[in-house]
Amino acid sequence: MAKVTIDGIEVEVPNGASVLQACEAAGKEIPRFCYHERLSVAGNCRMCLVEVEKAPKPVASCAYPVADGMKVFTDSAMVRNARRNVMEFLLINHPLDCPICDQGGECDLQDQAVAFGRDGSRYREEKRAVKDKYLGPLVKTIMTRCIQCTRCVRFATEVAGVPELGATGRGENMQIGTYVEKALTTELSGNLIDICPVGALTSRPYAFVSRPWELRKTDSIDVLDAVGAAIRVDTRGPEVLRIIPRTNEDVNEEWMADRGRFSFDGLKRKRLDRPWIRREGKLQPATWPEALEHIAGKLKGMPGSRIGAVAGDLVDVESVYALKALMNALGSQNLECRQDGAKIDGSRRDHYLFNSGIAGIDEADALLIIGSNPRKEAPVLNARIRKRWNSGAMPVATIGEAGLDLTYTAEHLGEGTAVLDALLDGSHAFAKVLGEAKKPMIILGRGAVAREDGAAVLAAAWALANQIGALTPEWHGFNMLHLFGGQVGALDAGFLPGEGGQDLAGMLSGGVDALWLLGADGFEPAFISPGTFVIYQGHHGDRAASRADVILPGAAYTEKEGTYVNTEGRVQRGRLAVFPPGEAKEDWRIIRAAGVAMGVNLPFDTLEDVRAGMVAANPVFGLVDGRIAGGVQDVAGPAAGGTLSGTAFKANLTDYWLADPISRASETMAECSRIYNAAPVAQAAE
Amino acid sequence: MSAPHQQEPTDFTFDADSEAQIAKIVARYPEGKQASAVIPLLYVAQKQMGRLTGSAWVPRVAMDAVAVKLSMAPIRVYEVATFYFMFNTKPMGRFHLQVCGTTPCWLRGSDDVLRACKDAGHLKGYGDTSEDGLFTLSEVECLGACVNAPILQVDDDYYEDLDYDRTVKLIESLKRGERPAPGSSIGRQTSAPEGGPNTLLDIPMMAKE
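So the sequences go chain by chain: X and A.
Each residue of the first sequence is one higher than the one before, starting from 1 at the first, in the working numbering.
Each residue of the second sequence is one higher than the one before, starting from 1 at the first, in the working numbering.
Note that these hints are calculated values from the structure, not bench results.
Idealized CB from N, CA, C, for every residue including glycine.
Among chain A residues calculated to face chain X with C-beta under 10 Å, some are: (1) 72; (2) 75; (3) 81; (4) 82.
Please work from the sequences and hints to get the whole structure.
Spelled out as structure tokens, the structure:
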């Protein structure tokens, strides 16, 4: 530790810390552009200059290591003068177009120019102008505004793992860009907008839409992938205008995946905003009482065993809990939340959770990925793996699709389950690598258990984890990576076939006469047996709604207070940012009202009642923002049920950009899908 | 030789000559630090283009080939290639005329050299490539040969002590495909005094000669 005095305040910081970090520890604000705590230090903007005693000139605090006994001044005449002049230089070529700049109002350059700059410029020459670059459908560039801090270059190279951005040319002619015109091939491109301290990289869908002070900001949770990133939903009136990430060190740090960030325009399209009833083969508008009575008329007198319910991938725990209560009250045990057919029995929570935790990736020292492409399934989690891999000494191997570009080097062991056998009997070389690791991790893609021999794959992966010493009282190295934000919550709520209940296949093939789909768009609705009475409750007119006999319009994740559980079992609360459109309502209320229409009074009247019921049913829901971490108490694995078939693992998401009902309604996502799924232009370099 | 309007090539592979040089260059660097060879390899690529097409430049595909050779991200090679003035990222003429316009050369008549280049090479100015694809004219900063100013660098060779007429003569002979011996155009030995020794003449050994 080094003792440093900052403006007379003595702080102790670790050796090797920078002066800037010491200043922050002392509570002093240091202006900066190029410095970013999650990126490497560049030291090229010179805005963080401070005075260090005995140093002959101001030093760039971000790149200057502390020394014991150092005296630093952050507000001396020298520092103020230095900052003023640096700012004047930065503004020489920066256009004064703040009134038409999308960064205006939340611009580091603007704020710091006011706080630390001089009031005018002495520069009277021509300013330089730079041609705008094309970085893809999500990031808009106005390169004349660029101050060449190179944060974006470092983000792309270090965090996103796609070294495609660079600074070409030199001096006055230096430009940030890809040199070759192409869209950045990353699922994290939206973060470039956040880290750009000026208005050079801005959000294309948000261009000229709003000013930050006009927005109402609601802290919420992203549910479009299973990471559960902390987000802020910015709204104006009834409209979601943008979604940006919040910092949550344990989950998403400060990053966010593009699908979660940019698919919100899907919340305005293809919405179900009123109830519909199928009459004479055609869906016709109806009122709430009509729709609920229609359902009651159909379901009344029907034996409970002939009624089934399927929960979708984006549902909140409240509505799942309410629907389960309704179904049980109707005498039905036909519940299903595994639309993909994943062979998860839900009996033990750590059989289906990402048990190491997302932050636990930082501690792992060997990784085996089975049947998953984390880059597409959970881009932020993948960035975390890359961060860990970057710091060295973590061998990574994959089983599944060949030729995945995960942004880090991974040994491809094989495509099918044969490798699992080889790892289990120790004949494979990688088994030794895993065995020797202190904290080995196995990531099992949800898709890997969503197949015929899924139970066997799950059991084999668990057995392998046990064998390599990944299951100890201190470390839980078995991890399942889910795909969507509602999947774990529904499993935790026990939305699974009860005693004598039927699973999805049974319900689809005529096992039930009435099927309640709660946002369930994850399977082909044509598979539903023709005579089945289908109730679709959800927010988007996606696949399943067209098959429905009654449509009950529900709320999307931005439109209700909801509880979601991410892939690591962290219980988080999403908040209402805007009200549901038209006559759409909060989902648990719809279910309760339907119950009343059928003469079933569910034992909750308020959200608090629902949540109390949830906690009573499963205490984990009481642990909001937390998760039960720790090692394994009982190494008994999931029931095997069958043998490994030997078939190859397939990709779980066929199209990252159009994976859920909200993104499928989004024009931005459609454009991304068009651009990123187009056959890549053949390059001589390949 | 249609250098000036040359199309961007669609592929680039190192030929045997280049491969031999590359093997030698890459071996200079320790394992894992091969990226250090990027500048020499860009030179190899540029030379090969000059050798094979008569236009010494590095097209993007050549940069990509360098990136593959050194296991670098292509953008890292683009950054280096565009940073250094010595790498031509646009098609060049057969001969690259590089006029030094820095103070010593300028005082000694680099303006005349420039004028001669424009007249004899049919060039409009700096950055221009002649219609016949023979010459590209560039302005360069000090070439470090100020004693023999003014200097005209043709590709890798220095032609020194030039004036208008001798520059025209040089360019005419380049046009004929000749390559005059580089060095002083007035016959002085390296950078020895013009017209022979003029100091230390009273030393007997020197006086004898």
